[in-house]
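Number of protein chains: 2
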Amino acid sequence: MVKVNLEEKFELFTEHWSPKIVGALNGQHVKLAKLKGAFIWHKHDNEDELFFVVKGSLTMEFRNKVVVVDENEFLIVPKGVEHRPVADKEVLVMLFEPATTINTGNVKGEMTKENLDTI
Amino acid sequence: MVKVNLEEKFELFTEHWSPKIVGALNGQHVKLAKLKGAFIWHKHDNEDELFFVVKGSLTMEFRNKVVVVDENEFLIVPKGVEHRPVADKEVLVMLFEPATTINTGNVKGEMTKENLDTI
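Protein sequences appear in the order of chains A and B. Counting in my numbering, the first sequence runs without a single skipped number right up to 119 at its last residue. Counting in my numbering, the second sequence runs without a single skipped number right up to 119 at its last residue.
Derived from the structure by calculation, the hints contain no laboratory data. Heads up, a few of these hints could be off.
Repeated chains share a single entry, so a pair holds when one copy, or any two copies, can fit it.
Below, computed lysine-lysine pairings styled on DSSO-like, alpha-carbon distance capped at 30 angstroms [said to hold, decoys possible]:
1) Lys89 / Lys55
2) Lys36 / Lys55
3) Lys36 / Lys3
4) Lys108 / Lys3
5) Lys36 / Lys65
6) Lys9 / Lys65
7) Lys65 / Lys113
Take the sequences, apply the hints, and build the full model.
Structure (C-alpha cells):
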C-alpha cells in the first residue's frame, strides 16, 4: 500500500527528460518527469504511452498534427506512432507505461535513460 | 492520439461507484469515478489497482490500517489485498488498472458494475 504525493516526489529531482519511477503495478510503471525544451522524434514499437500533465502545458508533435495537453489532461500515444514532446516552459508530467518502455523508444542516443531510479 | 480533459469528463456523469472508461492502453484501462459513502470490502485476485485522487479526500480501509489519500496523491492496492474505499464527502478519482478488473473484485452483488461505459 504505497501512497505517493506528486508534489513531494517532484521536489526530489530537478533534471529534465529523466523520468523517475514512483509506482509499479501489473507490469506497468508510473513515472514522473520534468520536461523543458524539445525532445527527439521517436516511437515505441511495443508500448502505448500515457502523458498526464500535472503542471504546465505540453506540446506533442506528431508527423501530421500537433496536440497541446494542458493541466489535468492526458494524452495516449499509441505504439508505433512517431512523436516529439516539446515544452516551451517547464512541464511536469506523470507517465503510465509498460515497465519495458525506454524514453527514446527506437532511437538510442545521449537522451536515452536506462535503469531509471525509483524515488 | 486521444486527449482527455478530466474536468470535462467528470461533468458527463453524476452517479457514485460507477467507473467510466476514459482511456485504454497496453491492456489497461484509465477510469474516472465519483465516490461517496462506503463501498464494500473486496479484493482483486489478479489485479493491482491505482487510485489517483483528483478532488477530495479518499479513505482507504485495509484490515490492519487506514490510509487517507488526498488530492494529487495516489495509492496502489496490490492484488489479493482486501480493501474498502470510504468517502465521507464526494471524491473524484482516476483509476489505472487492467481491463479485466471488476469494481467489486471477488464479491459480486448490487454494487458490481460490468460492461462499463466509455465516455
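Problem - Intra- versus inter-subunit Cα pairing at 30 angstroms for Lys36 with Lys55 - result: Intra 12 angstroms, inter 27 angstroms, cutoff 30 angstroms: intra and inter.
Handout entry: Intra/inter-copy verdict for Lys36 and Lys65 if alpha-carbon distance must be at most 30 angstroms
Key = within (20 angstroms within a copy, 40 angstroms between copies)
Handout entry: Lys108 and Lys3: within-copy, between-copy, both or neither at 30 angstroms Cα
Key = between (33 angstroms within a copy, 27 angstroms between copies)
Problem - Homo-oligomer pair classification [Lys55, Lys89; C-alpha up to 30 angstroms] - result: both (10 angstroms within a copy, 26 angstroms between copies)
Practice task
At 30 angstroms max between alpha carbons, let me know whether Lys9 reaches Lys65 within a copy, between copies, both or neither.
Solution key: So Lys9 and Lys65 pass the 30 angstroms test across copies only (23 angstroms; inside, 32 angstroms).
Problem - Lys36 and Lys3: within-copy, between-copy, both or neither at 30 angstroms Cα - result: both (27 angstroms within a copy, 21 angstroms between copies)
Exercise for the section: At 30 angstroms max between alpha carbons, let me know whether Lys65 reaches Lys113 within a copy, between copies, both or neither. Expected result: within (27 angstroms within a copy, 37 angstroms between copies)
Figure legend: structure checked against the earlier numbered hints; every hint is met.
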